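Student: One letter stands for each residue in the lines below.
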Amino acid sequence: MNTNKFISLGVLAVAASLTMIGCKPKGPQTVTTGGAAEKVYVAPGKYDEFYDIVSGGFNGQMSVYGLPSGRLFRIIPVFSLFPENGYGFSEETKPMLNTSHGFVPWDDLHHIALSQTKGEHDGRWAFGNANNTPRIGRVDMKTFRTMEIIELPNSGGNHSSPFITENSEYVVAGTRFSVPVGENRDVPVSSYKKNFRGTLSFVSVDPANGGMKIAFQLATPPVDFDLSRAGKGPSHGWFFFSCYNTEQAYTLLEVNASQRDKDFILAVNWKKAEEYLKAGKAKKITNVKYAHNYLDEKTHTATSEMLNEVMELDIAQLKDIAYFIPCPKSPHGCDTDPSGEYIVASGKLAALIPVFSFKKIQDAIANKDFDGEFGGVPIIKYESALKGEVQKPGLGPLHTEFDGRGNAYTSMFVSSEIVKWDLNTLQVLDRVPTYYSVGHLSVPGGPTAKPYGKYVIAYNKITKDRYLPTGPELTQSAQIYSIDGDKMQLLLDFPTTGEPHYAEAIAAEKVAPNSTKIYKIEDNNHPYVARGEKQTKVERKGNRVDVYMTAIRSHLTPDNIEGVKLGDEVYFHVTNLEQDWDIPHGFAVKGAANAEILIMPGETQTLKWKPTEVGVVPFYCTDFCSALHQEMQGYVRVSPPNSNVPLKFSTGKIEPSGEK
Amino acid sequence: MNQPLNKISRILIMIASLALCSAYVTPLWQILMWAPQYPEGLEMKIWINTLTGNIKIISALNHYIGMAHIEVSMFPEFKYMIYIVGVIILIGLFSTLINRRWSLLVFFFSLGAAGLAALVDFYLWGYKYGHNLNPDAPIKVPGMVYQPPLIGTKQLLNFTAFSGPDIGGWVFIVVAVMVFTLLVLEQFYFKKNDPQ
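Taken in sequence, the protein lines are chains A and B.
If you read the first sequence in my numbering, its first letter stands for residue 1, the second for the next number, and so on.
If you read the second sequence in my numbering, its first letter stands for residue 1001, the second for the next number, and so on.
Looking at chain A on its own, in the form it has when it is part of the complex:
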């Protein structure tokens, strides 16, 4: 009897122990997906449905992927040097990276804005922001080249940029860092509240050629501007900017800028601002200096001009162009839905997502339903602007896009998931994990009035164990989910270059048919062009030597050059005479302190070279252009500075005297 009791006790003890072991959970399991492969499989030779233009973050570039395959097609250098094709190294492209600080060869490109007409992608231009040395770059979607870069004065870091209006009237540039502006900038950091200002630049886009110009700058109370979106449809004419650090902290922002329960969305009536500008209410600011750089497609050469004027409108003085709307906890994303009626703000430290109604905002403004002022700007009452709140969406909401069927998709950084919710009922419908820690997400056409609600792409901040490890530095990553069913489904991981922040995907049919294949040689107005081998020559002016060179399969003309002296600066102006698609030539010379250049058919590019020693120096074509690519080479003879070797050049000329 007692034995039985004892045994029962023993069994109980063992059972209890086993239960405790059983409590130990397994880690989160990777979701398995059925039929995913065929949804992202693009057969060899077939085209993708979408171009995905992805920001490169700290590589300062944009990359072009195909969706749904996730294949990388191109990296477009915008704000960073690109030795692969000579961008920023060739004489023609160096001016593109000029700024008021001189040549700045790197930046941090966070967001993409594709040009729109009537609220839809028109496939003309892609804009990107430089977060560090404030700039906006414009890429032409015909050539996938950076055509223009404009610097932004009075800005401390161009993060809230380059979001675009529904007819590409403006791309905006909101400063992340407020900074002292005006005459006296040598002020204590602690005088933030008094001396610092935020600015929102409205950069107009010429509808004919995309040319950018700072139409006006709005001066704002000092805060950090984060992201923004233009209104559309009924809210066209308005722009919405999220801002944090309304605590106006200037140190340890991690803590000090996270104290208030509500920061703000700034709603800007830019049509009204335009009226004030026309009415002469703007102040002309002349103590500024900013670069405007643009590439001429005919001369293949960039020009940099320095500008000294900007028109400023103060939103605190002009009471009716901007209104603050309280928004919980350091808002990041600030996204308008396809109808233009709702503005979804994502407080990255908040446990809910507020959705504001444009109509209610208008009513609140009409009724002066204000709750005091911030820095002289009226604050609309939170409840008066609010449509409602999405409760318990997840942790760390960052950014929202839409599928055009009434659903919204919000990225959750902390809880590492995408949450789908109903824009009308504000109920959470579905959630899927991301691997890991998603930042921005993007639906093809997501920010436009007509999204293609087929996929959502997550741009993740952490990849960790998702790919084969490559040491401490790992690839960045994106993930495609299908969203055409009730449940989101993970289809594909694909690695990305740099750090992808925001991206926009555009239907391939809006871009592909317009793609440039070659530059016409007869249109080439480069000052050093050689439109045929007969025009090739070498000229000396003092210690500057200009080589007018041509490249065609499979020789360079001239390929023998003599008479260059130590101390000379040699400019190789290489014209690619080819007029056939996808026949670039490259050019490199031994010891050149810059890079190679890649020259597209019909184009001229210039590599500067300063010889460093006496001797015969080889040069060659770097792009495998033909069966005889390896024969595409030449020599330049470098003589001492005092030598009297005559300047001469040739191709195919045999000099019997040389044998003696």
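The hints are simulated quantities; they were obtained by calculation from the structure and are not laboratory data.
Treat the hints with caution; some may be incorrect.
What the hints assert, rightly or not - Here are a few chain B residues that sit away from chain A, every Cβ distance over 10 Å (derived from the structure):
| # | residue |
| --- | --- |
| 1 | Leu1119 |
| 2 | Phe1122 |
| 3 | Val1141 |
| 4 | Asn1158 |
Stated by the list, open to error - Covered stretches of chain A, as calculated for chain B (at least 3 residues, CB under 8 Å):
| # | stretch |
| --- | --- |
| 5 | 410-419 |
| 6 | 433-439 |
Stated by the list, open to error - No more than 30 Å apart at the CA atoms, straight line, and that leaves these computed lysine-lysine pairs for DSSO-like:
| # | chain 1 | residue 1 | chain 2 | residue 2 |
| --- | --- | --- | --- | --- |
| 7 | A | Lys392 | A | Lys454 |
| 8 | A | Lys213 | A | Lys510 |
| 9 | A | Lys450 | A | Lys271 |
| 10 | B | Lys1045 | A | Lys262 |
| 11 | B | Lys1079 | A | Lys461 |
| 12 | B | Lys1079 | A | Lys392 |
| 13 | B | Lys1154 | A | Lys487 |
| 14 | B | Lys1056 | A | Lys464 |
| 15 | B | Lys1007 | A | Lys461 |
| 16 | A | Lys262 | A | Lys289 |
Predicted model only: the values in this text are computed from it and were never measured.
Glycine residues also receive a C-beta, built at the ideal position from the N, C-alpha and C atoms.
Dock chain B against chain A, hints included.
Tutor: The following block gives chain B in isolation, referenced to the frame of chain A:
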């Protein structure tokens, strides 16, 4: 109570007492955490006089929600736990020398008391650690506290946290169960079969 112990009991008690020495070389308790971005998990191991594991990573994550930085100095227990366990081992060894049923009972109660005290102490630390949040924390989720589970699994925001014994703790539990079993055997079973 004053009866001598069975010979086998005495050997087993001695083995059990010596087994407790493992507390000096193995972790006693573990806290494991998983999050979507930490599929491999994070761990904190509590030893007799120190902490090991991903303490810095856990502290770095927890500071967003205002939790204190975990330090060895947070636990004054580490200074005297080595002596408490030593005393328990000695009690065990002495109980085999004293060779009386009551001495086994003393050993069992000292084991039980130490175990209970450790759990209470751990609970109190967990309560303080999970509730005592920096009011300046960047992320404040209304109504949320982050007390780790005493034993078992609990969801804390995006983290799944597990708390339970580690090797040293299991040895301690096995020893306690064994001593209790011997006590029961001595009281009800060995008495009957005793030839005396």
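Student: Work down the list of hints and note, for each, if the structure agrees.
Tutor: Comparing the hints with the structure gives:
Leucine 1119/B, annotated as away from the interface, keeps every beta carbon of chain A farther than 10 Å; the closest lies near 13 Å. The Cβ of phenylalanine 1122/B sits about 15 Å from the closest Cβ of chain A, beyond the 10 Å cut-off, so the non-interface label holds. Taking the minimum C-beta to C-beta distance to chain A, about 5 Å, the non-interface status of valine 1141/B is violated against the 10 Å cut. With a least beta-carbon separation of about 4 Å from chain A, asparagine 1158/B fails to lie farther than 10 Å from that chain, contradicting its non-interface assignment.
Given as covered by chain B, the stretch 410-419 of chain A passes the check, having 4 residues with a CB less than 8 Å from a CB of that chain where 3 are the minimum. Beta-carbon proximity to chain B at under 8 Å applies to 5 residues in the stretch 433-439 of chain A; the threshold of 3 is reached and the given coverage holds. Distance restraint check for lysine 392/A and lysine 454/A: the Cα-Cα separation of roughly 25 Å lies within the 30 Å cut-off, and the hinted pair is therefore satisfied. Proposed proximity of lysine 213/A and lysine 510/A is supported: the alpha carbons are some 26 Å apart, at most 30 Å.
Between lysine 450/A and lysine 271/A the alpha-carbon distance is near 23 Å, which keeps this suggested pair within the 30 Å criterion. Under the criterion of a C-alpha separation no larger than 30 Å, the hint pairing lysine 1045/B with lysine 262/A is inconsistent with the structure, at around 39 Å. Between lysine 1079/B and lysine 461/A the CA atoms are separated by roughly 42 Å; this puts the pair beyond 30 Å, and the hint is violated. Of the pairs offered as hints, the one joining lysine 1079/B and lysine 392/A is violated, with about 43 Å between alpha carbons and a cut-off of 30 Å exceeded.
Taken as a hint, the lysine 1154/B and lysine 487/A pair is honoured in the structure, with Cα atoms around 27 Å apart against an allowance of 30 Å. With a C-alpha separation of about 18 Å, the suggested pairing of lysine 1056/B with lysine 464/A holds against the 30 Å cut-off. About 65 Å separates the Cα atoms of lysine 1007/B and lysine 461/A, which puts this hinted pair outside 30 Å; it is violated. In summary, the hint linking lysine 262/A to lysine 289/A is not supported, as the alpha carbons are separated by about 36 Å, beyond the 30 Å threshold.
Violated hints, in rising order: 3, 4, 10, 11, 12, 15 and 16; the structure is consistent with all others.
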